[in-house]
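Engineer: If you're matching them up, the sequences are chains A and B in order.
First residue of the first sequence: 0, per numbering that gives the first Met the number 0; consecutive thereafter.
First residue of the second sequence: 0, per numbering that gives the first Met the number 0; consecutive thereafter.
Be aware that a few hints might be false.
Which residues of chain B face chain A? A few of them, derived with a C-beta cut under 8 angstroms, are [to be verified]:
id : residue
1  : Asn-93
2  : Pro-118
3  : Cys-152
4  : Ala-154
5  : Asp-155
6  : Leu-171
7  : His-173
8  : Asp-201
9  : Gly-202
10 : Cys-227
11 : Gly-228
12 : Tyr-315
13 : Thr-326
14 : Gly-330
Covered by chain A, according to a simulated footprint, are these stretches of chain B (three or more residues, beta-carbon under 8 angstroms) [unchecked claim]:
id : region
15 : 27 to 38
16 : 288 to 299
By construction, these hints were calculated from the structure, which means they are not laboratory data.
Note that beta-carbon positions come from the ideal geometry of N, C-alpha and C, so glycine has one too.
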Amino acid sequence: MKDAELCRWLLEVNEPWEVSRVRVDTHSREVHAYLSTGKSWFGRYLGEQPRSRWRHTNIGAYKTYIHASLPEQDGQAAHPFLGKSTSDFTHGLARRVIQCLQDGLRYRQVCALLDIDIHLAWQIKHAIESGQLAAADPDLRAGLQLDDPAGQAGSTIPASDDGVWLHVLALDCPFEIRLLSLKLLLARARQDFAKAHDPDMQTLRINELRRFFIKHEKHLEHEIAQLSNHRQPSMEGDQP
Amino acid sequence: MNNATATSALLDLRQASALIERGETLAIAGHLECLAALPKGNWIGGTTPYFMASEGGTCRLDRVFVQPFGQQTGEIACYDRERLPHMLEDAPENGFSIVILPAGSGVLEDYAREAPNYPDMYIKPIAGWVAGVHLDQLGSAQAQVIDGRSGRCYADQAVVLHIPLPPDQTALVHAVNLFKPGAGPVLSFDETGFAARDCLIDGVRGSLLELIRARGIDTRLPLVADYCGAMVNVSIQSLESEPGLVSFYAPVFAGVNYRFADAVEDYSERFLQAMPSDGGPILFGCNCILNYLYSQLQGRQTARLTGPITFGEVAYQLLNQTAVYLTLEQG
Chain A
0 MKDAELCRWL
10 LEVNEPWEVS
20 RVRVDTHSRE
30 VHAYLSTGKS
40 WFGRYLGEQP
50 RSRWRHTNIG
60 AYKTYIHASL
70 PEQDGQAAHP
80 FLGKSTSDFT
90 HGLARRVIQC
100 LQDGLRYRQV
110 CALLDIDIHL
120 AWQIKHAIES
130 GQLAAADPDL
140 RAGLQLDDPA
150 GQAGSTIPAS
160 DDGVWLHVLA
170 LDCPFEIRLL
180 SLKLLLARAR
190 QDFAKAHDPD
200 MQTLRINELR
210 RFFIKHEKHL
220 EHEIAQLSNH
230 RQPSMEGDQP
Chain B
0 MNNATATSAL
10 LDLRQASALI
20 ERGETLAIAG
30 HLECLAALPK
40 GNWIGGTTPY
50 FMASEGGTCR
60 LDRVFVQPFG
70 QQTGEIACYD
80 RERLPHMLED
90 APENGFSIVI
100 LPAGSGVLED
110 YAREAPNYPD
120 MYIKPIAGWV
130 AGVHLDQLGS
140 AQAQVIDGRS
150 GRCYADQAVV
160 LHIPLPPDQT
170 ALVHAVNLFK
180 PGAGPVLSFD
190 ETGFAARDCL
200 IDGVRGSLLE
210 LIRARGIDTR
220 LPLVADYCGA
230 MVNVSIQSLE
240 SEPGLVSFYA
250 PVFAGVNYRF
260 ADAVEDYSER
270 FLQAMPSDGG
280 PILFGCNCIL
290 NYLYSQLQGR
300 QTARLTGPIT
310 FGEVAYQLLN
320 QTAVYLTLEQ
330 G
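Input sequences plus hints: build the corresponding full structure.
Structural biologist: Written out as structure tokens, the structure reads:
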């Protein structure tokens, strides 16, 4: 059985979706599955078409990420192996988290069990608390507020719906950057932001920028301090 | 990565062959005949006879510049125009990629135009260079890249070395660009492309060629754009290859503001001042043929940055008239 076919079974990917490519990073212990919806897409670069990247439940000890471009029309079934275009995690992972919480585990335990880092933990928690995940009942939301060990207090990177990202992406926002990669990334993101009015596209760019900050956190002390400074005046009390 | 093994150097073929046969993963620059004479192994190569050696800039047809990345590490992949956009998807989550693209090829044109929009661009470190030919062979020889595993040469594919790093190490890509935007008019272009006739000159449509001639602009000076503090050059290739046309070595991008650069006096001295003395060991470096020519770097040194003299540089996206290097950082 080929890797893509095996991955399709493991992830329970079904039609019209198919796994077009799989990459296993043994050093980082990650599986990356690239999904498409038909042969006509296979191997073809879709240029400007935004592609989402979602964390899914692990395959064994390997963190699993799914990459796909969602069709533009709304009303897509909430396949467990996909997520919202603007989300960092799949529907399947969110359901798993909620199921674990409903079974009585504390949020910290759920994150440890599912190998969820503090940045993603906060995103999922925020989605539950804000009612974005339909399966989460009010009691469960209330319980989460009492259980914040993996919350924003442990993360120096603001959540993707934090207003500071919109501020940084404004063309005239002064932001001193030391890393070449971040200078180029922010310049591109600002150009895209200036011409793209689709909120989903904007959120994808914010997610990408946030992902950069998470990945390079150790080298971004100066830049993270500026994010913090930009947040101070307006965001106090916004985070749980 | 253990950086206590071999260091980057200009070597004769016997020395380079010994490193290959020892199992080192290498990026090698040299004249085509030299590269073709090397044994098969875990290396990638590209053609150029120009080098920034530790002794200074030089042109050698009998030596190759070798940049080692450790023993039996990394993966080599070749990319045609269809697969090129997926290059960074193949890169390790923690590591870096070294790319060599042949000058005058479709893959180079695609990379120059589209790389900023490739998946994982700017997230995963990538540096590299554009292979070329001896200036006496311009128009008669073809730039080539080589997959050292097979010894196959390509004029229409990019060759890439993907190197993973352990969790406690990170690769950082740097660019040294001494050019700054001058005080001239702001130029912006309607379309992304390697050539232009008209553009907006301080907001008023006009001919770029006429502007250059009217102001007596030295076309050895690049157009410079400010990308959130990173100065990105676009060098002038030729004037009037067609009537009224100005051609570039890299594309100008629509929606980006450019200015012609101010002149840089004493490049070698200024370069020494611009190179940071701190930071981790340099694993890879390269500098532009136009800096070599216009700033007369033959026989002159550029601090601890050595490597091939190239026909375009890659620090994520394609750059011109820029030195690029990659360092290994702990933590």
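Engineer: State for each hint whether it applies.
Structural biologist: Verification of the supplied hints:
The interface hint given for B:Asn-93 holds, since its Cβ lies 6 angstroms from the closest Cβ of chain A, which is under the 8 angstroms cut-off. A cut of 8 angstroms between beta carbons decides the hint on B:Pro-118: the least distance to chain A is about 6 angstroms, and the hint holds. Using the Cβ-Cβ criterion of 8 angstroms, the hint placing B:Cys-152 at the interface with chain A is not satisfied: the shortest such distance is roughly 24 angstroms. A least Cβ separation of about 21 angstroms between B:Ala-154 and chain A goes past the 8 angstroms threshold, and the interface hint is therefore violated.
For the restraint placing B:Asp-155 at the interface with chain A, the shortest Cβ-Cβ distance is roughly 17 angstroms, beyond the 8 angstroms limit, so the hint is violated. Taken as an interface hint, B:Leu-171 checks out: its beta carbon lies about 7 angstroms from the nearest beta carbon of chain A, inside 8 angstroms. The interface hint given for B:His-173 is met, as the beta carbon of that residue sits about 6 angstroms from the closest beta carbon of chain A, less than 8 angstroms. Using the Cβ-Cβ criterion of 8 angstroms, the hint placing B:Asp-201 at the interface with chain A is not satisfied: the shortest such distance is roughly 19 angstroms.
Taking 8 angstroms as the C-beta contact cut-off toward chain A, the hint placing B:Gly-202 at the interface is violated, the least distance being around 16 angstroms. Checking B:Cys-227 against chain A: minimum C-beta separation of about 4 angstroms stays under 8 angstroms; hint holds. Taking 8 angstroms as the C-beta cut-off, the interface hint given for B:Gly-228 holds, the closest approach to chain A being about 5 angstroms. With its C-beta approaching chain A no nearer than about 5 angstroms, B:Tyr-315 sits inside the 8 angstroms limit, and its interface hint holds.
Interface hint at B:Thr-326: violated, since its Cβ lies 11 angstroms from the closest Cβ of chain A, which is beyond the 8 angstroms cut-off. A cut of 8 angstroms between beta carbons decides the hint on B:Gly-330: the least distance to chain A is about 5 angstroms, and the hint holds. Counting residues of the region 27 to 38 of chain B whose C-beta lies closer than 8 angstroms to any C-beta of chain A gives 0; at least three are required, and the coverage claim is violated. Check on the region 288 to 299 of chain B: 0 of its residues sit with their Cβ under 8 angstroms from a Cβ of chain A, so the three-residue criterion for coverage is violated.
The structure shown violates the earlier hints numbered 3, 4, 5, 8, 9, 13, 15 and 16.
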